[in-house]
Amino acid sequence: MTAGNLTCKELVELVTEYFEDTLPPADRARFEQHLARCGGCTNYLDQLRRTIDMLGKLTEESIAPQAREELLQIFRDWKKD
Amino acid sequence: MSSRLAARTLYVGCVSHMSTFQQVGKEADPAGIVASAKDLRLVEALRGGDEAAFAALLDAYHTSMLRLAMIFVPDQAVAEEVVQEAWLGVLHGLARFEGRSSLKTWIFRILTNCAKTRGQRESRSVPFSSIWNPEADPGDPAVDPDRFNPADAPKEAHHWVSFPNSWNEIPEERLLSQETRAVIQQAIEALPPSQREVIMLHDVDGWASQEVCNVLGISESNQRVLLHRARSKVRRALERYFDDE
Numbered sequence: 001m002t003a004g005n006l007t008c009k010e011l012v013e014l015v016t017e018y019f020e021d022t023l024p025p026a027d028r029a030r031f032e033q034h035l036a037r038c039g040g041c042t043n044y045l046d047q048l049r050r051t052i053d054m055l056g057k058l059t060e061e062s063i064a065p066q067a068r069e070e071l072l073q074i075f076r077d078w079k080k081d
Numbered sequence: 001m002s003s004r005l006a007a008r009t010l011y012v013g014c015v016s017h018m019s020t021f022q023q024v025g026k027e028a029d030p031a032g033i034v035a036s037a038k039d040l041r042l043v044e045a046l047r048g049g050d051e052a053a054f055a056a057l058l059d060a061y062h063t064s065m066l067r068l069a070m071i072f073v074p075d076q077a078v079a080e081e082v083v084q085e086a087w088l089g090v091l092h093g094l095a096r097f098e099g100r101s102s103l104k105t106w107i108f109r110i111l112t113n114c115a116k117t118r119g120q121r122e123s124r125s126v127p128f129s130s131i132w133n134p135e136a137d138p139g140d141p142a143v144d145p146d147r148f149n150p151a152d153a154p155k156e157a158h159h160w161v162s163f164p165n166s167w168n169e170i171p172e173e174r175l176l177s178q179e180t181r182a183v184i185q186q187a188i189e190a191l192p193p194s195q196r197e198v199i200m201l202h203d204v205d206g207w208a209s210q211e212v213c214n215v216l217g218i219s220e221s222n223q224r225v226l227l228h229r230a231r232s233k234v235r236r237a238l239e240r241y242f243d244d245e
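In order, the protein sequence lines correspond to chains A and B.
Here the first sequence stands for residues 1 to 81, where the numbers follow our numbering.
Here the second sequence stands for residues 1 to 245, where the numbers follow our numbering.
Do not rely on the hints blindly, as some may be mistaken.
Claimed, not checked - Calculated lysine-lysine pairs in the DSS-like style (CA-CA distance at most 25 Å, straight line):
#1 Lys79/A <-> Lys104/B
#2 Lys57/A <-> Lys233/B
#3 Lys9/A <-> Lys233/B
Hint data in this document are derived by calculation from the structure and do not stem from the laboratory.
Using the sequences and the accompanying hints, generate a full structural model.
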């Protein structure tokens, strides 16, 4: 990253580090300065926040009933031992 | 041979190859995440033969375990055997679980041990870190370069040509619709396996970064790179979908 102001193209590559809070303080400050005056990057960040939010609401497929029953039987056998 | 017996036979094979469950149980978590009070209560219930407690574990982790096993072994059928083997390993290791890692990390470590052992036997030895070599993979940019002004633009070089749209006006029920979910699912399925696994564990299953690193055996920074690429691609797919309306 250059020492000067951040460009939008640079900012989009730093978003995950920003979210995960792993940017060095100086880079974090530059990131936030850019964000404060850039509507495009504000929208971009917001899109990613929503993307992450939607990912968290996906539900995993549940275990197949047959596999579940087999494993419960394994549990019962184990219990008997 | 019933699949139960098959699992038992495999389990024995698995144990003879992998580090023993005793070692797994005693291994301290590198991130210092230890078992919670809830984990310890659950372990006590399992030791006491509480079937409902075991069923709850199956419901919580089985699908993720199956997906993760698929990285190391050639097909679904083998992955299913590996997961069954791992569950058996969990049951037999319970007596020695000392709570020096979270129960989840411990279970998944048993799973990856079983899956790697089996993968080697099936001549498909793929430790997760070798599936993806960060140096050899420069990756795609998070955003299509055409979305930014060129470097020689008279002003605002590398700034947005046109802003990404705000999604604030999109109603909640649309964001959570079946159709939107399908777009996300497809985008995830199209990812390379390493990116897919990281985004599933971290963002869909809600694991902490350190837990993901521990189970996959990758560094925090590599995990972040994979997560970054995966999220960027899912966002792109969603943007395409919402902009098309």
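Checked hints:
1. Lys79/A <-> Lys104/B: holds, 21 Å
2. Lys57/A <-> Lys233/B: holds, 18 Å
3. Lys9/A <-> Lys233/B: Roughly 16 Å separates the two Cα atoms, so the pair holds.
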